[in-house]
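Can you build the whole structure from these sequences, using the hints too?
Taken in order, these protein sequences are the chains called S and Y. The opening position of the first sequence corresponds to residue 1 in our numbering, with each subsequent residue numbered one higher. The opening position of the second sequence corresponds to residue 1 in our numbering, with each subsequent residue numbered one higher.
Don't read these hints as lab results, they were simulated from the structure. Just so you know, even glycine gets a beta-carbon here, dropped at the ideal spot from N, CA and C. Keep in mind that the hints are not guaranteed to be accurate.
[To be verified] Label pairs and their calculated CB-CB ranges:
hint: 1; chain 1: Y; residue 1: M185; chain 2: S; residue 2: F10; range: 29 to 35 Å
hint: 2; chain 1: S; residue 1: Q129; chain 2: Y; residue 2: G68; range: 28 to 34 Å
hint: 3; chain 1: S; residue 1: I166; chain 2: Y; residue 2: R190; range: 55 to 61 Å
hint: 4; chain 1: Y; residue 1: R190; chain 2: S; residue 2: A209; range: 50 to 56 Å
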Amino acid sequence: MTGMVTQGKFWRAAGRFARILYPPAVVLCAWKGLCLLGLFPAAILVPPETVLSTFLELARSGEIQDALAASARRVLLGFAFGGAVGLTFGVAIGLSHRFESYVGWLFETVRQIPSIAWAPLLIMIFGIQETFKIVLIAKAAFFPVALNTFDGVRGVPRQYREVAEIYGFSYASLLRRVIFPAALPSIVTGLRLGLSRSWMVLVAAELFASSVGIGHMMDWGRQLFQIDIVMVGIVVIGLIGFALDKGLRYGESRLQRGRGAV
Amino acid sequence: MADVVSSRPVQRRAGSGLVATLDRKPWHAWNWKPWNFRPWLVFALLIAGWVWASHQPGSISLILVSPGAVFRGARELLWSGDLWLNYRMSVERVVAGFSIGAGLGLLLGAALALSAWFDRLVGPVFNAVRQVPVFGWVPLVGLWFGLGETSKAVIIVLAALYPVALQTYEGLRRAPQQYIEVAEMFLLTRRQKLFRVLAPSATPLIMTGLKQGLSFAWMAVVGAELFMSAAPGIGNMMGAARGLMRTDVVFLSMFVIGATGFLMNYGMTLIERRLLRWRPEHVR
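If you want it as structure tokens, here you go:
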């Protein structure tokens, strides 16, 4: 009896493991299979094992660590800055209809211009160094965060506010104990979207010009005709983007489940 | 009260994610009235600040040219036909790229949703490729196809394809179980089930995907023109103007890009309303 239970547990764990491992296995097989078909020369479609060895080489020389450190610094600074401003702005226009009527149109107008179209102007203003990249990333993070925060704060049901009024809450505790918890899921969604936008824009910003960074490493690989380096870059940015998104989604679902239990 | 509470999570689901960022606008809540002085006040202050800054001595006035100069630059570009030439090329790229990308996305999404085998074999590859930001493909695509028109097309098609495929998949997958049961009760064939039941019920999400796809494709056009070789295009015009320190042209390009994006989104919304007329008022 106990043996069967352990067996069930084992098989369930194995099943979970297989479910996690299955997608990357399919991707690797498809990649390798395409290489083996021989439709493209190996210099054009680099097989996975070459990409792995190039990755290890770049890691041994510390190149990829330097690139990732520079890129991570940019994303974190830009996201922290843009996210903080977006949060503040979103709460402000969400709470105050008057403030919204002053600047809502401006927010909406500026939002129509995609981040990438800001790059030339920002380069003219800040030069092509770090500042421009961080500002561009901050801009990309600002809009989803501000918009979702606005949605969350505006979406708090009026009944909640009325109950708080009956209990005689002060404005500060209304914010802290009613509006903020009610708006939290939406805010977290905004932060997640903001972070993935930041990551997306980082790659674009580094392609413009930089001396270090993951996007620069790829562009450099392109100029030297080293497709393996470019593909290492693609795999790395894909994996990091995936990890960021999965991590924040996990946090988001934990948060919502916690609320459901209450 | 119980009703309100229970309906919350559903609303969240529908309004979360990209859908929320692209579809919901503060402007819906903000009922625009021309006699409302507040927006005009901010607008006037902005213009005044701009004029003031452009008359300051020093480097800021080099970058922040006066509104009058932007206007003159815009007139010059319009008369010479430069703006029109560049704009037309960009619009052609977005139309072609979006058509191909959305078509492929619809097919891919439908195939993934309808065939379990296809989903198991191609789904992981699609999801893996999707993780890479669109512009991350620029160096690789540049090596494969050169930095010409083909590469631009690949980037634009990719940008349009992801959201369309994803939302088509979601839409077909999320068809309510009751609908499927009714379809089975009426002994509909596979094809009838797809076109009479699944496709209509997926239309709202597919339209969302098409909207996202079009705005991503437009962004990709601008990016591809900035990153790749110098062929006419609004992004290229903007990049060249940056090199020449022609802020007026950069401002004008940004305005044109923003306005075009807005109009395309508005057009898609009109199409969406027309296609979804059959839905009852409360879910629209």
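Evaluated hints:
About 42 Å separates the C-beta atoms of Y:M185 and S:F10, a value inconsistent with the hinted range of 29 to 35 Å. Separated by about 31 Å at the C-beta atoms, S:Q129 and Y:G68 satisfy the suggested range of 28 to 34 Å. Restraint check, S:I166 to Y:R190: a C-beta distance of roughly 57 Å satisfies the suggested window 55 to 61 Å. The beta-carbon spacing between Y:R190 and S:A209, approximately 54 Å, falls within the hinted interval of 50 to 56 Å.
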